[in-house]
Each structure stands twice: as structure tokens, then as C-alpha cells.
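Chains as they are written, first to last, in the numbering used here: chain E, 1 to 249; chain R, 1001 to 1249; chain X, 2001 to 2249; chain Y, 3001 to 3249; chain A, 4001 to 4249; chain L, 5001 to 5249; chain F, 6001 to 6249; chain S, 7001 to 7249.
Please keep in mind that the hints were generated in silico from the structure rather than gathered at the bench.
Incorrect hints may appear among the rest.
Stated by the list, open to error - Residues from chain F shown here face chain L by an in silico Cβ test under 7 Å; the list is partial:
| no. | residue |
| --- | --- |
| 1 | 6178 |
| 2 | 6205 |
| 3 | 6220 |
A quick note: this is a predicted structure, and the numbers were derived from the prediction, not measured.
We treat Cβ as the ideally placed atom computed from N, Cα and C, and that holds for glycine.
8 protein chains.
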Amino acid sequence: MGNVKEVLAAVQAGAISLEEAEEQLTRISDLGFASLDLERQKRTGFPEVIFSAGKSVDQLISIFQRLMGHQSVVLATRVSQEQREGLLQAIPQIHSDPEAGIAIWSREPLQPQRSGYVAIVTAGTSDWRVAQEAAWTVRCFGSEARVIADVGVAGIHRLFNRLDEIRGACAIVCVAGMEGALASVVAGLVDKPVIAVPTSVGYGANFGGMSALLTMLNSCANGVAVVNIDNGFGAGYMAGMIHRMALPE
Amino acid sequence: MGNVKEVLAAVQAGAISLEEAEEQLTRISDLGFASLDLERQKRTGFPEVIFSAGKSVDQLISIFQRLMGHQSVVLATRVSQEQREGLLQAIPQIHSDPEAGIAIWSREPLQPQRSGYVAIVTAGTSDWRVAQEAAWTVRCFGSEARVIADVGVAGIHRLFNRLDEIRGACAIVCVAGMEGALASVVAGLVDKPVIAVPTSVGYGANFGGMSALLTMLNSCANGVAVVNIDNGFGAGYMAGMIHRMALPE
Amino acid sequence: MGNVKEVLAAVQAGAISLEEAEEQLTRISDLGFASLDLERQKRTGFPEVIFSAGKSVDQLISIFQRLMGHQSVVLATRVSQEQREGLLQAIPQIHSDPEAGIAIWSREPLQPQRSGYVAIVTAGTSDWRVAQEAAWTVRCFGSEARVIADVGVAGIHRLFNRLDEIRGACAIVCVAGMEGALASVVAGLVDKPVIAVPTSVGYGANFGGMSALLTMLNSCANGVAVVNIDNGFGAGYMAGMIHRMALPE
Amino acid sequence: MGNVKEVLAAVQAGAISLEEAEEQLTRISDLGFASLDLERQKRTGFPEVIFSAGKSVDQLISIFQRLMGHQSVVLATRVSQEQREGLLQAIPQIHSDPEAGIAIWSREPLQPQRSGYVAIVTAGTSDWRVAQEAAWTVRCFGSEARVIADVGVAGIHRLFNRLDEIRGACAIVCVAGMEGALASVVAGLVDKPVIAVPTSVGYGANFGGMSALLTMLNSCANGVAVVNIDNGFGAGYMAGMIHRMALPE
Amino acid sequence: MGNVKEVLAAVQAGAISLEEAEEQLTRISDLGFASLDLERQKRTGFPEVIFSAGKSVDQLISIFQRLMGHQSVVLATRVSQEQREGLLQAIPQIHSDPEAGIAIWSREPLQPQRSGYVAIVTAGTSDWRVAQEAAWTVRCFGSEARVIADVGVAGIHRLFNRLDEIRGACAIVCVAGMEGALASVVAGLVDKPVIAVPTSVGYGANFGGMSALLTMLNSCANGVAVVNIDNGFGAGYMAGMIHRMALPE
Amino acid sequence: MGNVKEVLAAVQAGAISLEEAEEQLTRISDLGFASLDLERQKRTGFPEVIFSAGKSVDQLISIFQRLMGHQSVVLATRVSQEQREGLLQAIPQIHSDPEAGIAIWSREPLQPQRSGYVAIVTAGTSDWRVAQEAAWTVRCFGSEARVIADVGVAGIHRLFNRLDEIRGACAIVCVAGMEGALASVVAGLVDKPVIAVPTSVGYGANFGGMSALLTMLNSCANGVAVVNIDNGFGAGYMAGMIHRMALPE
Amino acid sequence: MGNVKEVLAAVQAGAISLEEAEEQLTRISDLGFASLDLERQKRTGFPEVIFSAGKSVDQLISIFQRLMGHQSVVLATRVSQEQREGLLQAIPQIHSDPEAGIAIWSREPLQPQRSGYVAIVTAGTSDWRVAQEAAWTVRCFGSEARVIADVGVAGIHRLFNRLDEIRGACAIVCVAGMEGALASVVAGLVDKPVIAVPTSVGYGANFGGMSALLTMLNSCANGVAVVNIDNGFGAGYMAGMIHRMALPE
Amino acid sequence: MGNVKEVLAAVQAGAISLEEAEEQLTRISDLGFASLDLERQKRTGFPEVIFSAGKSVDQLISIFQRLMGHQSVVLATRVSQEQREGLLQAIPQIHSDPEAGIAIWSREPLQPQRSGYVAIVTAGTSDWRVAQEAAWTVRCFGSEARVIADVGVAGIHRLFNRLDEIRGACAIVCVAGMEGALASVVAGLVDKPVIAVPTSVGYGANFGGMSALLTMLNSCANGVAVVNIDNGFGAGYMAGMIHRMALPE
């Protein structure tokens, strides 16, 4: 008996007692240093995701492998160069994107499972990495992600050139560093939710993204909600969830 | 010719020249001290909202009345006691909620125009005011808002007692002050977007809500996006928008 | 011998000794609690300005009157309601603007003394007060000030409607609270210096204008320099100085 | 005469004068660069602990050795990799835990000297290091430490699975990064003191643990006190002290 | 059937169905604007406490009265002058302390129920108010509280004069504003837990208590844990809990 | 036996036992809510000073009167309007300065007791209040204080006009708000210690004096040390102490 | 058809359709990861500038080369050592200044194209790098830049020695770290706009330049506007723009 | 003619014209990248000191050598390992202290030139480096410096053991990290000025020394002034200046 579903089926069939079931479930999810949340998919509609920062390569591989036995998609974020190499050696079928710092394994190829798309709009080239983290998260939701890069307000015509594509999206992720003004401008032009991601890109007094974070929280345009600095994953998650609600498979 | 639609019809009919139309449109939207955004409804799906703080009673009344001529709903937020009295005297049909600091006028009674609802969950009694601001904003979107008050994590069973109702919502607004932990706990239990509103309620080092804001931005649970401190309106707007997308009329 | 010029003339004429001259000059500028800077006009091209906050009404009147004897324009900023009434009673010919908190006296009527103008662009109605402080300061430089109000990025077409007028200015003051994005957008569209003034208007985590201040310092558009929060005077001063250089009388 | 007790005995016996005693005591505790506090055990019930950061390897070894002559347990915290190697070479009998950054020597094996235990609860795998520092400190008090890892609120059932064990403890150390909500939730469920340790784990605006620190200080649940960011030692110390009081040997 | 115990007894007796019981329990605890946590006593060993700030007088009275039906002690903190008068009029038997901002009702007179005491040490006269809040909270735990006032480090002999009394306590609450150094000094001299409360007393750059808070978090002495600024209640709660554990009735 | 000296004399004379002496000393210094530090003069060369903020009028009067029995000078700072009136009614011989917020009583008239003086230099008129607090503190040390007001760097010639007087001082207190640049400029021109006092005067982002505080801490000129924001007393104390050392009576 | 002008000419000549023109323009400006703003020169009077931080060497070369086809000057800022070497290998004719971190290519040699100059004044030697970034930006505007180094206020006579040269400039850039007082002093002595650049040079509590930034924002002297910390480019841009306006070619 | 004195003598003797003198003086002090302040000794009583951070080794050597021609003592602070080696190779007679980061050259051996001494008191071993910087600065003033290390308040008897030595000093420098409480305790026990230096030593929320800085600024004891974080030089300078005033040679 190797995974949660089997244990539960055995319970239902009366094949094992509740005490045995509890013990087995604990054994499955408990790696000693980590307590996996194998029912998260059922509870929140998305399986557990691995936040890689601060984990050893061995810990990361163990968790990744264990989750592969229970989930149809495994996503790891904030994967360092060293962690990535370890993972690929242990699990070659992983897809990884070094720029975005993500590693993905999915039982079935990741394919859009509904119409529509999420637009991921970035202010500058330097926000690319965060935008990619968001895009891959959206794809793990079974949604299409379109990245519209480098349309910041310093040359606002670039934004207007792409406005139709942005307006056509189901949800919009807006990635911007420096002063982060892009989110307000976009939100004033569309009728869809804008998830804003401040990035830590910038000169001097941007305080590691604090400047863009405050800008986005104080947006004068309505329909903007904010995730943490550089948190492309969180924004992609939110946008994927909204898309899934608006257009179920 | 008093409103935008009429001017545009006249243009279409060739009754007035483009120059005349432009001039008239400017006249309609320009109050000298304010430049109304009468096409916002068309652009963003929601009409212009009045942020009352820092406006004189007279300015507020002028803007409110002008918008009544062009919008089917007019919403003013952050209405002070003095502003509220002035508004009610000038426009008795306004509905106002002193606790929430809002004033609303709508051509048709505000009625849910779609199935489903937005859940507005608060941690403590003191978050009530902000929750009401969110609730009224949701209602302006033609959505039902249900407030589930005082279920903070200090007595977490209160939250579990109401979990079915929260899980049944289309979108969840989570209002919490002090340490703001409620948003993370809720987001870990549901499969719907959680819009978190930090409030400025609390003892000592909460820095006017900064504590709850940081908590929510750093949520270990996925599916949380954040609006500004005490910004019930912003959260209600986001939730209303999501509900409208998920369940169009 | 009542003012500086007379003392200097007497020195030049050999009518008084250097020691006497020094003593007289000291007497003129020293009010005990204040040491007036009567040569500031000569040194910086603009006479001493009175920062009224924290001064008693009597102190304010004394300084104002003393400066009237030595300058062709006297400008007081941050004048409270109580100070304003005291000043008007003592010096009825003062022009004051309660909203802007300024009081002005000028020997000759304030008239534009050069072609061109300074544009003062505001994001919202609530920034009006700061814009007026800037405008009056510009006028004290002998320049024309045009206020273009309420064209913030939430409805960006309002800005485009006024773009020709903004582009025609010699220098642009940009006043914005909340997220302060207006300065970046304007600077990306013009070829003139933009002086940005963050204002303390806003919800929650704007930290008394800190949010807009950081936005403006981090502007991705070039040609933006920033003055302190709510410091309309400082922005008007800078713009007036630039206008005077570009188009001397 | 090598240690404090002997000197004091000699004084009591009249074998040496007070002046001689004073001089000898000074010699024992004074290493030139450090002034050891050899009576701390008597005063506070726990011997002096070495904070290793900023000390050279040689200084560290000297202090460690000197304390071994006067204390039954010597604990060093924040031991770097380089310091650890130096210590082990000089004093091979030291027990060290590289992850926790601690080095321990004890005259007698560390054994629980009373019933009951301290529970050390962590929100995520990345908090492991800090939890271990706390655990070893508790053990130096002669108490049992049980680490209950990775039961953060994103999957709150994991916490409930371990609740009996947590409730059975005499004192609870709660280690959490990101938003740090775990401390509030735990404190709402138990009747024992909760010592909360914020950790510097997290994305973006966690400001090196400031986010979790504020969360814990603002806990809406009662019975929470907080130590500094990443200060596992401080929390273990507090919990050990409480356990010792509740259940003396 | 008016309170929780009765409902549960009825369930046990089979007198009412589970559904009926659930409904009744909900009715008891739900005041519409507040969801009382009537089982907190059982869960955490201390009944629900009312945080009065931000509640109307009527809300406060309702909650207070409802809790009186279910708890043997009711404690309200942060009671304003206006709230206090309202409470006393409605419930004359309340004991209130205007300085400490607390209101207490207890079925039996508050009497020490165990030996030993909690020492509450303050640095200056101005910390008195916070110390009283702590003292009353300790008394609600059935413990004795002794306040040792104004023994701050500027005249450290005052502290040494009272050291025996401080050392004799079971737990020590240390209340200090300005630089808050008292907590470190005390903790270096005792073998009992020190709960430190920073207060917002002070000149200039104390940032409403932030200065003392940081001091206490960074204490070089061991055995210090910290609660929020001015949070006498939280410190008293922690100390009361420790005393209860060390010396059960 | 009313004061400390008498008690000590009685001890020396063998008239009372040590236990009696201890008890009497405690009675003298203990007001219940305050523990006076009657030996501070002996220990630090300056008697205890009363920080009035947060004390009731009655408490203030009691402390003031008690200190009058034991000290030759009593100084209270931060005296509010209400406190001042109460004090004057109870102790008419007090000298008070409402602007500086101080109240002084001295057995002998305050007269310079040594040659030389302390220069107190202010940047603007609005720093006057803080400068006066410093000046009166200097005078309590038996030193002469000379206030040189309004010589800030915006018109630097005003500073040069007074440079000889500044250079002639034994110690210099430099009071400045806004950007606080005056301290650096002065320190670069003199060979005496400069005690810098940042004040909370200013527009926008001065953060209640934080701006000037940071300026002064970061002074590029040598010989500057800083006291807390608006802490004229602290600066005067430091300067008085230096003057006393340089030129003993 | 390679550049924008040619495309537009073809449109004007009717040689290509609007759709073709649009497509070609997009192709020119779109590098996939970057969306170039080829009309910025026309709009803002200065061509697009490359912010190199966070870009790969290959991306940087591609953008640089593409811009060389459309602009008469290409300026890259924040060029790292590695980027500089890559650029020089690919485009040997680039002029680069490693200290200033800039790389420049211009079709024609950079020569002053108008009379007058911009003065760039620095407080200390350590501000040199930022001053050079400003100077090269000014030169790209076709203006002369004169650097006046190391004249900080600690030895204010050094400033007075160079005052004539500073007063003779059309605009003044003031670069200072530590306490940044130089900007106030200079602005009090000249009648030209001062653009202040805070730098991150300094001891301790300068918070990466925050100290100088606040100083400059709070300047008591008029005629100061501020750019971001270490942003020499921004200051040079502003000064170049002002010089160009004052003295057109 | 090589140094300032010679040039001035030639002027006095009429040997060179004023113009020649001015030119020669400029040549002496101007190194292109640095403008030396050769008259600082005369103006402030202490020669120019070199702040080494951010200077190249070659620049440092040039400045050092040039100053050796004009000053009797040359002190460089914040000398890195690389800079130190370069300096020693170029100028072997330099005395350097790698821990303190200082390099000193003096024409005559550094000897106390007056009675008395400055006490430099540190809280912990880790503050050693900063204390040494202070000590060497004091010695450059011709004063004796005594370092009293590791007497922090966690074991306050260590401080009392050394109290006589501390009380005997003319001025006291107090170096402390973590919570920095030492300064308050010392100031409450002495009648001499205490110059407090916060250090960046510590766990978690000490914010690079901000915690100790705030503690020291908020000291409840009188007679404390503060210098910047880790600024041992600044404190030594202040203390040396005070000692020199109190006890001139």
C-alpha cells in the first residue's frame, strides 16, 4: 500500500482498521524533516508545491520523488543552480527553467485544458525571470499563459500596441520593478482582475522592491491585488485559480 | 444635451460636428477641480467611484450629482460624518452606512444578478467596518455578499463551524488586523481566491496595519492576494470582479 | 537709514564707516528670534520666503513686515487659519489663499514677465491644495502657472486629452498621491523637466506620502526630479527657476 | 588554585586574604579580550554561553577551554564551519551539530533530569536549523526536547494530527518564518506558554524575518511571548527555564 | 437552557439531539457582530478576554454580560473612559481601574490560590499604567502580583535595593520605556523567566516604543521573552500561566 | 529626621542602627508610585531631574516638593501647560518657561560659577523651543548659555557673522530640524565638541526629525555627537558637563 | 527597410500599406525579450538608454546593436565589468568608463553644442563614480560637464574656493553621501537649479544612502530637487535637459 | 616651496604675490580626485583624517603621502586588508592595526601629553574592533586610552569590578552591540560625559546596529551622546577633544 488513495480504499473496503490507516497515512507523508500535505489537491484544488530555498539537494529530491507518487503535477520553485543539477540527475524527466528557477514534472504533458488565457505583462526586460515563474505556474493549472514583455510606462505606446491582447485575457498578471506604475495604468484600461507582482529590480531607494510594492498597494486604479515581491508563483497561482473558475474545463 | 450617450448619438446622427462633440464632452466631465471619468464603466466594467477623503462637502455633492446623470450606480467611500450629512441633505435618496463610511445611489434597487456569493470573513469584531465597506462594494457589482464575522484563529473552531459556508463562496475576502493570520489559514482550506485586507486594528507594534499586511503578503498558503490596509473597497472590487467573471448574468 | 541698499550706498559714499555699516546691517536683519537673510534675492535670485509653521502670529507679522521693507515680493507658506487672520488684520493688502496656505504681498501686481508657462498637473482632486502652493510660487517668479487637475492614470485618456497643453510648457510640476504613477507616465511623453511632488493623500500603507515619494524616485522614465512630500512650494520654486533660465525677461 | 570554588573555599578557610582572593578571581576570569562570568550559573541557574559570531577561532578555543574548567556544561552557539573545525581539533570530545551551529561539552552525558518535555513545533522544513538550536539548548537544561516539524497552517490538519503531543508538553517553542501564523494558532489551542521564534525564511517583503516577528508580537491568541529572529537559543532557554520551574528534579 | 455546560449535559443525558445542541450552542455564542469563544477556558485554561478598543459601548456591554453567564471571571482590557462609564452603569458590580484601562467581574473575590508571586518591575513612573494592566491579569489567574515601581537603570542602586524581592518571584514582568535596558539587567541577575514589556514612553526617536522593543528582543542576557508594546495584559497572561504551572493550586 | 544627609550623620554618630537607617532612607525616597534617586547628585554630579510627560499634576507636585528638600536645584522638563499651572499654584517660587516646557527651582539664584560659556546655535526660528530647554539645563550646571538663533545654512553668511562667538565657546549645542546640515558645517569650523540636537521641524519626509537625526549621525565633519530628537535637555546636560570639566569653579 | 524613418517615408510615399508599416515597425523594435522604444528621441528629446543591470551579455549586445541602427547616440548605464568586456569585443568602437559603469557609442564625436556648462559638484572622493555617470550623461546631451570634486562641508573653504565656477554654471548637480549637507549649502549660494544625488557612501546608519536622500529632500535651502540614490544618470539627464532649454543650439 | 606654511611665510615676506600664493596653495592641496584640507588642524585642532572606504590603493597612498608633508600625524580609518598591504609597502614606517582597520604615521612617537585618560568600555568581546578604532584615535590626540572590555550588563558585577577605573576617566566611550544597555547603566554611575557607540553585533532584529543606536539615543540616564553605528573613530575623536579641553598640555 503505497499512496493515500489506496489506503483510503482499503479503509472503505474494511480491509484495514482505522488505526492501521492512520499509521500508514502518517508513514506516507512523514519524511522526518518534512510533513507532506498529500491532500492539498483535494482541499485547495492544487497539489503541494515545493519551496526549494533552504532545503538540501537530498531533501529536495526526497520530497520531489515522494510527491511524484501522489500527485499528477509536481512543481518546485526557487530552485538554485545546484539544486537543479541534483534534481535532473536523480529525476531526468523533470522539465526545468533555470531563469525562472522552477522544476516541473507532470504525469501528462502540460496542455491548456480550457479556452482563454492569462496575460503576463512586464514593465522591463529585467522582470523576465519573475514573469516566467508566473507563466509556468499558470500552465500547471492547465491554462495558457502569454507573456507580453517590456511594455512599461516610460514608453506607453508599447502598452497600447498590445492592449487588445491584454484586454482579451481572463486575468492579468502585471510584473514591474522600479516604481511599478504599470499595474495602475493597466488596471485603468481593462475589466479583468489584475494581480500585481512587485520586483526587486532598480536603482537606489527601491529597497529591494518595497517601492514597487507600495505603489501597487496604493494603486489609484481599481481591480488590483498584490502578491509579495518577486513572487511570480503566487501571482500565477491566483491568476490560474481565477481562470479555472471563469472557464471550467 | 446632457450626457455622454446623447452626445455620441448626436455625432452618429451627424447632428453635431466632431469639434462640437469634443467640446461638449469636455464640459460634461470637467468640474474645474475634478475631471470625471465618465467612460470608466465601459472601459473597466464598473463606473467611477468617489474617494471622499480630502474633498469639501460641496465638491462631493457636485461630483455625486454629476455622476448620477451618467451612471446607474454611484458609490462614494471614506465618507465622513460631516460629508454624509451634507450628501443626505442634498440627495435624500442616497443610502448610506455610517460605520462603513459609504454612500450609494443606484437607479435600480441593488439586487443579486447572478447565483453564488462572495464570503467576507473577519477575524474580530473590530474589523466590522472594513468588512462592511467590502460588502457594499460587492453588492454594487450585482453580487451577494455574506459577512462571516469574528472567526479569528485565537479560537479556530469558530472558523471550522463556518467552513462550509466559506467553501461555498465564489471568492473570499478575508479581513484581519493584529497578526492577520486568518488569511493563511483560510487559504489553506479552500479552492477559491482569497483577497486579504489587513486592518489597522491592534496593540503596539502593529504599525497601523503593517503587521497584518506583511503577514498576508508572506502567506505560506497559496491563493492569497492582498490589498492596502483597511481597503475594504479594493477587496470587494476584486472579489466582485472575480464573481462576475465566474458567473456572468 | 532703514534698508540694506541705503546702508551700502552710504558706505560707498564714504558717509559712514565700515564698522557703522556692519552694525546697522545687523540691526536691520536681526529680530532677536530670527535672523533675516536680506541678501538672498541677490544671491539666489529670489527673496527670503517665510516658512510659517511653528511661528507665533506675532513673530510672523514682525518678519513679514520687516521683509516688506526690503523685498519686492514677500511669500509666506504653510500659513494656518489663525496665522492668516492675524496677518490680514495687520497687513490688509496681503493676498492669501486659505486652501494653499499661502500669503503674498508684492509691491507691483504679479504679472507674467516672460512668455511660456509652467504646467502643474495633478492626479486627483485631493492634490489641489499642493498644486495651488506650487502655482503661487511660480507666479512669484513672474511666470505663468497653468493647473491641469485630476488627470491621474486610473483614466489615462484624461491625460491624453490635455497632452498638448502639457507638452507646450517650459517645465512641468507633477503632483500625485496614492501610488504617484502620474510622474512616470508624463515624463515618458514630454521633452521638458518634470518636477514631481508626492502628496500624503491615500489609504493605508501610503505612509503619509512615502509610497508616492518612492515611486517618483524610482521612476523608470527619465527627466524626473523629486521634492519633499506635499512640498508644492519647492516644486514651484524649481520650475520657476527653470522657466526664468529658459526664457529670461 | 584553579577555579572559583577553590578560591572561595580558601577564603572561607582563612587560607588566603580577601585581597589575594580578589586578585585570583580576576585572573581566572580575565582573558584580556574577554571577561568571563564564572558565577552566572549560581546567579541565573545556567552557566555562561558562548556567542561565537565575531570571535576568532583562537579566542573561541580559549574561552571554551577556560569555561570547561569551571562549568559542568559549555554551550557555544552560532558556530561557523571554520570555528567548528578548529574547536573539534582542539577539543575532540565536543559534540557539535553543524546544521544548528552549536557545539556542546558536558561533564556528564546530557540526560533528561525531570519528567515532561518541551515541544518544539516548526512551520516548515526550512525552520529546521533554528529548531535544532532550541532543542539542544533545552537539553542543556536537563530537559527532553521533542521536535514536531513542518506542521504550518497551509495544511492545518498536519497540526491537528500532532495536537495531543503538543498539548502534552510543559512549554512550547514555536518556530516559523514567512508569515509566522503558526504561533497564534497553536496558542489558541493549548494551556501552556508558547515561546515564538520568528525565522528569516521567506520571499520578498519578509525583511529578514521582520514579517514573522510582527505577526508573533501581534498575536491575537494569548500566552505568546517572542524572542529575536532566528534566536532558537533564546527560545530554548526560556522554555527550559519554565520546564525546570514546573517540574524541578 | 442558557449556557454551554447545560447544553452539553442535556446532550449527555440524551435530552436533546446533536442537531439541537449545535443550534443552541451557536445561538449562545453568536451575537451577530461577535462570535464568542465560550470554550476557551477549557482549551487554554483561561476564559475569553475582551479587547475593548474599537467596540461601541453597547457592543461591549452585550459581550460582557453574555460572558458573565458562562465564565467565572470576565476581564476587559483597553477600556476607555466612556466605555468604563457605560459598563459601570449597566453592571455596577464591575471592578474597574481607570489608569490600567481594565474592567473585571469575578463570581468569587479574586484571591491568591497558590503560594509564591509574580513580580512586576517598572523602570519609571510613567510605566505605571501598563504595569497595572499586567498586575490585574495576573490576579485573574489566581496569583499574587507585586509591583516594584521606578527602579530603572539610571539609578541602578534602586534596583539592587529590591533585588531580593525580585529574585523571590516565580516569574518576572519587566516594564520599561525609553531604552528599555531594565530587562537585560534584571535577567542577568535572576534565575526565573523574564517577560519584557516595552512601553511607548519617551522622547523623540523612540518610535512609539520601537526602541524599547528592539532593546528587549536583542537582550544580551538570557531568559527574556517579549510581548508587544504596552501590552501589559499579554505579559501578565504569560507570567500567570508560568506561575500556575510552577505552583498548581 | 527628614533628609538623607541627616540619616547618614545619625548612622555615623551611632545614633541609629543600620536597619533603622535603611528603613528611613527608603521612606524618604519612596513615594509609592516613584522611587526617588536622592544620591544622584553625589554619583553623577547633577541632581535627579523630573521628566514630566505622563505624570499627573499631583504626582508631579509631590515629586517636585520632595526633591526640594534634598537638592539645591530641581529641574522639571516637558512640563505641559496644565502641569505648569498646577506647579505654580502649589510652589509659587518656581521659575517656568512655557515655551521651553521647563520648571526650575533653585535654593540660590542661578548664576554662572565659572568663566566661559556654552553656545547654543539654531538653524531656524522654529528650533527656538528646544534651544531654550538646552539653555536652561546649561544654566542649572552653573554655566552661562548663549543662544545664537536662526543661522541655518540656507543663508550661510549669517553663520559666518557669528562665528567668532561660536568659536569662543567651551562647547557648542547645535539645534536643527529639516535636513540638519548646520551641525556638520559648524563642526568643520571649530575646535570644540559639538552636541547636535535634531528637531522634529519640517515638511513631509522628515519623519518627525528622523531626517535631521540621520544627517547628524552621518556628519562628515568630526567632533559631533548626537542626542535624541528634540532633546534639548540632553544636549544641555552634555554641554554643561563638558564645560564644568574644562573650567571647574 | 531597416529603420523607423524609412518605414515612415515609405508610408508617406504610399509605397507600403498601413498594415505592412505596422508589422515592420513591430519587427524593428521587438527583440522578443525587449520591446525597444525607437521613437523616444522624438517624444522626449533623448534616445532610449539601456539600463544594463539584470541583462545578459548577449541581450545587452543585441539591444545595443539594434539601437545603433536607429539612434545617433547609444548610452548604457550600470555596465558591469563582464558586460563591458562583452560589449567591447562585439562593438570595439564603444567608449566605456569602468569607474562610471557606462558605455557610449555616438555617430559623431561628443562635442559641446552650446555655450555654458553643467557643474557637477561632489562632497568626497568616494562620490567620484556617481559624478562620472552624471558627467557622461550631460555630454550625451551635447553639453559641457565640469566636475568639481571633494568640496564637502567638513572643510567649507574648499567650496568657497570654487564658488565662482559653480555660480557660472547653467545647472548644478550636487553629489554627496554621508549626511549630504552639501546640496543645501550650495543651493543657498547660487541662483541656478540644483539637482541633488544622494550616494550610498558612509558609515553605519546611512542605510545605503537613505540618510543623504532624506537630507536632500528636507533641504532648508530652495531650488533643490532630488533623484534616486546613486542615480548619477538621472541627475545628468535633468541637468542636460535644463541646459538645453536655457541655451538651445 | 612645498607646504602651506612656507607659502604663507613667503607671502608675509613679500617674496611672492598673492596670485602666486593662491596658485601654489591650490597646487599643494589638489590631487585631482581629492581636494585636501590642509588647514583643518588650525581650524579644528586636529589634522585631516583619511576615510579609506571606496578609495583605490593608489589614491590612498597618494593622499597619505601628501598629508605626511603637512601634518605631524596622519590617521587613516576603515583600511581594508588590501589597502593596508599597499600602504605598508609604499610607506613602511606606518603603524597599522588590522583588527581596528587603522593606519597611523606620526612624526613623533605617540605619547600621552597630558595627565588623565579616556576609558573605552565594551559590552562584549565582539565589540573589540570598534573599541580599538576609538582607542587609536584618542592616542592621536595625545591622550591615554584604556580599554575595559567585556563588562556588559548580562553579568553586571563585571562592570562594578571596574567601576573605579571607569569613574577615574576624563571621558568615557561606551561600545555596545545587541541591545546596547551598557551606556545607560554606565552613565547612571559616573559624573563624566559618556560617548556611546552602537555596534552592528547581534542576532536577528538588530538591523545592523539600529537596535543599539535607538537604545543609546533613548537612554534614561543623562550625560550620553551618541555617534554613528560602529563609528569608533567618531567617539574617540569626541572623547579626545573633551580630554584635551579638560586637561590642556
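Hint check:
1. With a least beta-carbon distance of about 5 Å to chain L, the hint placing residue 6178(F) at the interface is held under the 7 Å criterion.
2. A least Cβ separation of about 5 Å between residue 6205(F) and chain L falls short of the 7 Å threshold, and the interface hint therefore holds.
3. A cut of 7 Å between beta carbons decides the hint on residue 6220(F): the least distance to chain L is about 5 Å, and the hint holds.
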